[in-house]
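Keeping the supplied structure of chain A fixed, place chain B upon it in accordance with the hints.
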Amino acid sequence: MKKIIFTLLAIICSTSALSHGPTPQKVQESVTIAASPAKTWDALKNYSEFNKIMKVRSFKDKTMKIKYELIKTDVPFSDYNAQIRVKKGANDNESIVQWTARFYRTYKLNPPIPEGQDDATAVAAVNKIVGPGLAGFKKSVESK
Amino acid sequence: MVKPKKLSIFNLKNSNIFILTFFLIILYFYFSYDFKVDHVSKAYITNQGDNTVSIVDLETLKKLKTLDVGVAPLGITILQKKKLVFVGNVGTDDISVIDAVNDRLIKTIKLGTAPLSLASNFEETEVYVTDWFKNNVLTISVDEMRVTSSLSVGITPSGIAYNKKYQYQVITNRDANTLEIYDKDHNLVKKIETGNHPFGVYSEGNFAYVANVYDDSVSIISLVDWSKYEFLVGAHPYNVRVHNKVAYVTNTVDDTITIYDLDSKKTIKTLDTGETPENLDLNIKLNLLVVTNWGSDSISIFDTQNFQHIKEIKTGAQSRSFGDFILQ
Chain A
1 MKKIIFTLLA
11 IICSTSALSH
21 GPTPQKVQES
31 VTIAASPAKT
41 WDALKNYSEF
51 NKIMKVRSFK
61 DKTMKIKYEL
71 IKTDVPFSDY
81 NAQIRVKKGA
91 NDNESIVQWT
101 ARFYRTYKLN
111 PPIPEGQDDA
121 TAVAAVNKIV
131 GPGLAGFKKS
141 VESK
Chain B
1 MVKPKKLSIF
11 NLKNSNIFIL
21 TFFLIILYFY
31 FSYDFKVDHV
41 SKAYITNQGD
51 NTVSIVDLET
61 LKKLKTLDVG
71 VAPLGITILQ
81 KKKLVFVGNV
91 GTDDISVIDA
101 VNDRLIKTIK
111 LGTAPLSLAS
121 NFEETEVYVT
131 DWFKNNVLTI
141 SVDEMRVTSS
151 LSVGITPSGI
161 AYNKKYQYQV
171 ITNRDANTLE
181 IYDKDHNLVK
191 KIETGNHPFG
201 VYSEGNFAYV
211 ANVYDDSVSI
221 ISLVDWSKYE
231 FLVGAHPYNV
241 RVHNKVAYVT
251 NTVDDTITIY
261 DLDSKKTIKT
271 LDTGETPENL
281 DLNIKLNLLV
291 VTNWGSDSIS
301 IFDTQNFQHI
311 KEIKTGAQSR
321 SFGDFILQ
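Sequences listed follow chains A and B, in order. Every letter in the first sequence is one number past the one before it in the numbering used here, and letter 16, counting from 1, is 16. Every letter in the second sequence is one number past the one before it in the numbering used here, and letter 72, counting from 1, is 72.
FYI, nobody ran anything at the bench for these hints, they're computed from the structure. Where hints are given, some of them may not hold.
[To be verified] List of simulated lysine-lysine pairs, BS3-like, C-alpha gap at most 27 Å:
(1) A:Lys55 x A:Lys45
(2) A:Lys60 x B:Lys311
(3) B:Lys269 x A:Lys108
(4) B:Lys228 x B:Lys285
(5) A:Lys67 x A:Lys128
(6) A:Lys39 x A:Lys88
(7) B:Lys245 x B:Lys285
(8) A:Lys87 x B:Lys311
(9) A:Lys87 x B:Lys63
(10) B:Lys314 x A:Lys62
(11) B:Lys266 x A:Lys62
(12) B:Lys266 x A:Lys60
(13) B:Lys311 x B:Lys83
(14) A:Lys87 x B:Lys62
Predicted, not measured: the structure shown is a model, and the values here were computed from it.
In isolation and in its complexed conformation, chain A is listed as follows (with noise of 0.2 Å):
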């Protein structure tokens, strides 16, 4: 009976959540590494791995901040726009790394919407970026 519930509630819940409009998805993630904002905004601007995936659309060095948009085609969300910023941490030595992606997921029409194609395909696959990402860059940076 238990299970039974359970996997009504779980239907429900998953067709609330297939329903949505064309909502753009969040995913912003920090991570904190032990330099200085200004040491780690200029490994920020020379470091590579980042260009595999998106390509630098401005950069700002007075608010410390990055804006990318997407080179990778064969990804399972689409309208991807993001920025990484550096913020100072809790002292001199300290800094706080923030990305911040935006996004949809690739189906855009009337629901149903395929397997593959929603917003919870799309999060998971930009999560799947944004966390490793950031903790290759800290490791890069805290290497040095």
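Then chain B, alone, in the frame of chain A:
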């Protein structure tokens, strides 16, 4: 003889105090009521990420309250005279109606389809809703608080604006790159091409102003002779507002707003906002411009007299407020 006289004076004084107190109480309520109804200007911010509306007092620039609404609220419009706020929830396919005097949710109107944006007529008897998936514009009767008619329009109806002068409903069709104009009897007046990916729209007097997201431009369309003029703004503009021959445009990818002089046809200033600024509205009386920042979950407030940033206020997750969101 003396004693009763004293007593009567005492009595008279006492009744005077009563009258005076009564009068003062009435005065107090009169003024506090007056203050509450007529003088508080507020911004209503739809937070699509946490299913709430943040209410910000625009005089003190402080957050007053957070209200729970339906799932994934996006579009909004305010009936200034009736003091009602209509919020469109694209996750639950319904409209939350907020009483703006007490800031309480008073009604949920079921639609059965995703409401993208909202606008009301000048008389505030009707609220129009663009229905993104089924390509309709729904009319809600404000008296009856239900959908009373539906009009079939072009594909992906997105932004909607109401033109008071001509009593027009002006709609952008995002994926068709068109603007559709309907009269008060819902007859199509004109369908006209815009730039690429038109989204937010504003209409006043003889013009409609459209933000073309993929062209990084704004189209100005004459409602008289249908002539067009375009000007460039920042990257991925989302919405536009016009006041005193100045256009204000949100550039979502640049994290800026463009302030453009419509007379001299020049950009006056580009100002930094929070992350991913989406929508904007003006408070005429207080000379304020309020911008919703989807990326930084906040609003940015600007002075429209000297074009300076005043303050950023935290709201809720993924603040959007697509439509008119300021109670003047």
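Verification of the supplied hints:
A hinted pair counts as satisfied when its Cα atoms are at most 27 Å apart, and Lys55 of chain A with Lys45 of chain A qualifies at roughly 12 Å. Taking the CA atoms of Lys60 of chain A and Lys311 of chain B, the gap is about 21 Å. The hint holds against a cut of 27 Å. For the hint pairing Lys269 of chain B with Lys108 of chain A, the CA-to-CA distance comes to about 35 Å; that exceeds 27 Å, so the pair is violated. At roughly 31 Å between alpha-carbon atoms, Lys228 of chain B and Lys285 of chain B are farther apart than 27 Å, so this suggested pair is violated.
For the proposed pair Lys67 of chain A and Lys128 of chain A, the alpha carbon gap of about 19 Å is at most 27 Å, so the pair holds. For the hint linking Lys39 of chain A to Lys88 of chain A, the alpha-carbon distance of about 11 Å falls within 27 Å, and the restraint holds. As the CA atoms of Lys245 of chain B and Lys285 of chain B are separated by approximately 16 Å, the hinted pair is consistent with the 27 Å bound. Note on Lys87 of chain A and Lys311 of chain B: the hinted pairing holds, with a Cα-Cα distance of about 19 Å set against a maximum of 27 Å.
Of the pairs offered as hints, the one joining Lys87 of chain A and Lys63 of chain B holds, with about 25 Å between alpha carbons and a cut-off of 27 Å not exceeded. Distance hint between Lys314 of chain B and Lys62 of chain A is fulfilled; the C-alpha atoms sit about 22 Å from each other, no more than 27 Å. Our distance criterion of 27 Å between C-alpha atoms is met by Lys266 of chain B and Lys62 of chain A, whose separation comes to about 25 Å. A C-alpha spacing of about 24 Å is found between Lys266 of chain B and Lys60 of chain A, which places the hinted pair at or below 27 Å, so the restraint holds.
Restraint check for Lys311 of chain B and Lys83 of chain B: the C-alpha separation of about 26 Å stays at or below 27 Å, so the hint holds. With a CA separation close to 25 Å, the supplied pair Lys87 of chain A and Lys62 of chain B stays within the 27 Å bound.
In the structure shown, a violation is registered for the earlier hints numbered 3, 4, in ascending order.
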